[in-house]
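So the sequence lines, in the order shown, correspond to chains Y and S.
Residues in the first sequence are numbered consecutively from 3, following my numbering.
Residues in the second sequence are numbered consecutively from 3, following my numbering.
One thing to keep in mind: the hints can contain errors.
A pair counts as met if it fits within one copy or between any two copies, since identical chains are not told apart.
[Said to hold, decoys possible] In silico BS3-like cross-links for lysine-lysine, where the CA-CA straight-line distance does not exceed 27 Å:
(1) 128 <-> 37
(2) 37 <-> 253
(3) 345 <-> 318
(4) 37 <-> 220
(5) 253 <-> 356
(6) 158 <-> 345
(7) 44 <-> 128
(8) 40 <-> 253
(9) 220 <-> 318
(10) 356 <-> 345
(11) 276 <-> 37
(12) 356 <-> 40
(13) 345 <-> 44
(14) 220 <-> 40
To be clear, the hints were calculated from the coordinates, so they are not data collected in a lab.
A quick note: this is a predicted structure, and the numbers were derived from the prediction, not measured.
The chain contents come next:
There are 2 protein chains.
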Amino acid sequence: MERPSFSQRRRPAILTAIAVAFLGAPTGVIAQAPKDVKTPDKPLVLKAQGSFFVGGDKVEQTAGELGDLGAGGHITINQMYVHYMVPQRGDRNVPVVMVHGATLTGKSWETTPDGRMGWDEYFVRKGHPVYVPDQVGRGRSGFNQAVVNDVRAGSKPATELPVWLRFSDEGVWPNFRLGATAGQPFADSQFPVAAVDELSKQSVPDMFRGTTSISTIKALSELATQLNGAVVMGHSQSGVFPLQAALLNPKAMKGLVLVEPGSCPATYTAEEIKALATVPLLVAFGDHRDNPTGLPSLPTWQARFEMCQALIGRIKSAGGQADMLAPPDLGIRGNSHMIMQDKNNLQIADLILKWIDADARKRSGAAK
Amino acid sequence: MERPSFSQRRRPAILTAIAVAFLGAPTGVIAQAPKDVKTPDKPLVLKAQGSFFVGGDKVEQTAGELGDLGAGGHITINQMYVHYMVPQRGDRNVPVVMVHGATLTGKSWETTPDGRMGWDEYFVRKGHPVYVPDQVGRGRSGFNQAVVNDVRAGSKPATELPVWLRFSDEGVWPNFRLGATAGQPFADSQFPVAAVDELSKQSVPDMFRGTTSISTIKALSELATQLNGAVVMGHSQSGVFPLQAALLNPKAMKGLVLVEPGSCPATYTAEEIKALATVPLLVAFGDHRDNPTGLPSLPTWQARFEMCQALIGRIKSAGGQADMLAPPDLGIRGNSHMIMQDKNNLQIADLILKWIDADARKRSGAAK
Chain Y
3 MERPSFSQRR RPAILTAIAV AFLGAPTGVI AQAPKDVKTP DKPLVLKAQG SFFVGGDKVE
63 QTAGELGDLG AGGHITINQM YVHYMVPQRG DRNVPVVMVH GATLTGKSWE TTPDGRMGWD
123 EYFVRKGHPV YVPDQVGRGR SGFNQAVVND VRAGSKPATE LPVWLRFSDE GVWPNFRLGA
183 TAGQPFADSQ FPVAAVDELS KQSVPDMFRG TTSISTIKAL SELATQLNGA VVMGHSQSGV
243 FPLQAALLNP KAMKGLVLVE PGSCPATYTA EEIKALATVP LLVAFGDHRD NPTGLPSLPT
303 WQARFEMCQA LIGRIKSAGG QADMLAPPDL GIRGNSHMIM QDKNNLQIAD LILKWIDADA
363 RKRSGAAK
Chain S
3 MERPSFSQRR RPAILTAIAV AFLGAPTGVI AQAPKDVKTP DKPLVLKAQG SFFVGGDKVE
63 QTAGELGDLG AGGHITINQM YVHYMVPQRG DRNVPVVMVH GATLTGKSWE TTPDGRMGWD
123 EYFVRKGHPV YVPDQVGRGR SGFNQAVVND VRAGSKPATE LPVWLRFSDE GVWPNFRLGA
183 TAGQPFADSQ FPVAAVDELS KQSVPDMFRG TTSISTIKAL SELATQLNGA VVMGHSQSGV
243 FPLQAALLNP KAMKGLVLVE PGSCPATYTA EEIKALATVP LLVAFGDHRD NPTGLPSLPT
303 WQARFEMCQA LIGRIKSAGG QADMLAPPDL GIRGNSHMIM QDKNNLQIAD LILKWIDADA
363 RKRSGAAK
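Take these sequences, add in the hints, and give me the full structure.
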């Protein structure tokens, strides 16, 4: 990817402000003050809220692997942190699990970069219990540090270290489809680009090519089972997770929502398609899908869209219910990859909620 | 620290169950199901809830440092994630910021290991807006991954890797004062020891000897300033953070609460003590402080208690208000280092709230 030039000629003031914020390196970023976070008009009434963990494996590690402060012993790895809110009225509605994408955490679904209500709260206000995990290996789920301490001590080669991925701010613009080039949003962009620095702060290192996804998928299946059924919603990297979790226990799934999935596998067997056809599926993609991502080693968003159209076709052919939600087809333009944070995020949420309440709820009676 | 022998002779059934859960390695840990999480009797009514970041620095990194998926560019590091809840009634009460300790995240203050209400919700129910950060370098605040990718690529020596600390489950028992030896709780222990595996899941790797604390302290001072004044509560490793943050801007602090602090520095100058004496200070320690920690390189908890008594003495001599809360002195026995998760956690919270509402609130008028 070519580095952007940040020419500011003939740009409106807002874009100049964005570029200045964007180039303000390596000094402090202007913080989003609590005063910038909007207060809703009506109170949020919760029957319950809190957090817990799903899954986890006990392993024994040496003193060195634990960082050499004490003796060796056991720790837990592969657990998945889950934050939840249950609405006072509506806790009999189907729960929705929201899983974040690459280099991100559950924060994706919370307050937007410009301080508006996130989907986590909005879905609760619409009557659904909401469960927001951090993927295994990230955020409050933690990760297995042993190999880093081993390499530091010289007992393992450096090549065994995980590759920890971050997307650069410059790379996010085309890849997340805020604009074709960093600092230059699409004219119709729905992303709150003036607050793009707040999106940058959401990024955490991601063992992108690691095995943590397997633990996350297993934990998502366990969570849906423990909830006596749930709609599982993935995003981007985790877009495929609801499908994979459904294959572990289709009966626990009330619906699968794939928001801008990074993949819709073409490799599912006929038997797997048959299992997936027992669960309603919704796939949602935003606009500007033909924008070059700047990451030639990965499929374009349009290619991903077409992969998902193909999967929808296979599931429907097997008698299942599978739908594509493409806001541009409804005349809603400019949505980005971070559609849950876009300026019209609640409009998009309403479309998904309409689908859940019409379709996924049909299954609610079975396991309750 | 000697490895425990786990002899099960003459042990009650509950202890055997704990030891079995404890030794269940390296297979799956029995998960805490959502059904084990208690639902409060009354709804929680929030004026607002959500999350935001404080601070952050933009840095430029190479393609390799970013994990080699795209080109090099800028990312943000040193930002601090903050989750918050504001009660519907009582948002004019002084906000309370709760910062977690070593190898932990903001989860410390949420639902307890055995599924009871955490201090975050309880303080909100008692009328205080509550702000729960993840320390910089941990949880949803992320960390700087560049050096790990550099070492993997061979461009930096392995000795530049951070030491990432975890406490072993065995080591937590004496150090967090659940019992003298792993699997053998004190007879009067207030910690929910049957759920100790859930405490294990809260642990994340900690750059214990890194510089992330400096960014956290700076962000805490900024947060208190942005809130127009707050009580800042630290725990264990972060017990000293409220003191350090107060020195950056004493006027932003409505009160400092040090819960089981790892340190009360004896090195403050007379000028620093004078500044600290302008802010009410409460230090709280649990029971069994003379239990050997199993970490001879660190002070014992009794030594830390005495360091804090000395600091309280210096602040009082300078005309300040500083108090020690030692529940054993009030006849409340068996509290652990994880006092906010102990079975009597709300009883301890009430003692701290009484102090805040009587003392820290006096300052609320000034900055509002």
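Item checked: List of violated hint numbers, smallest to largest -> 3, 6 and 11
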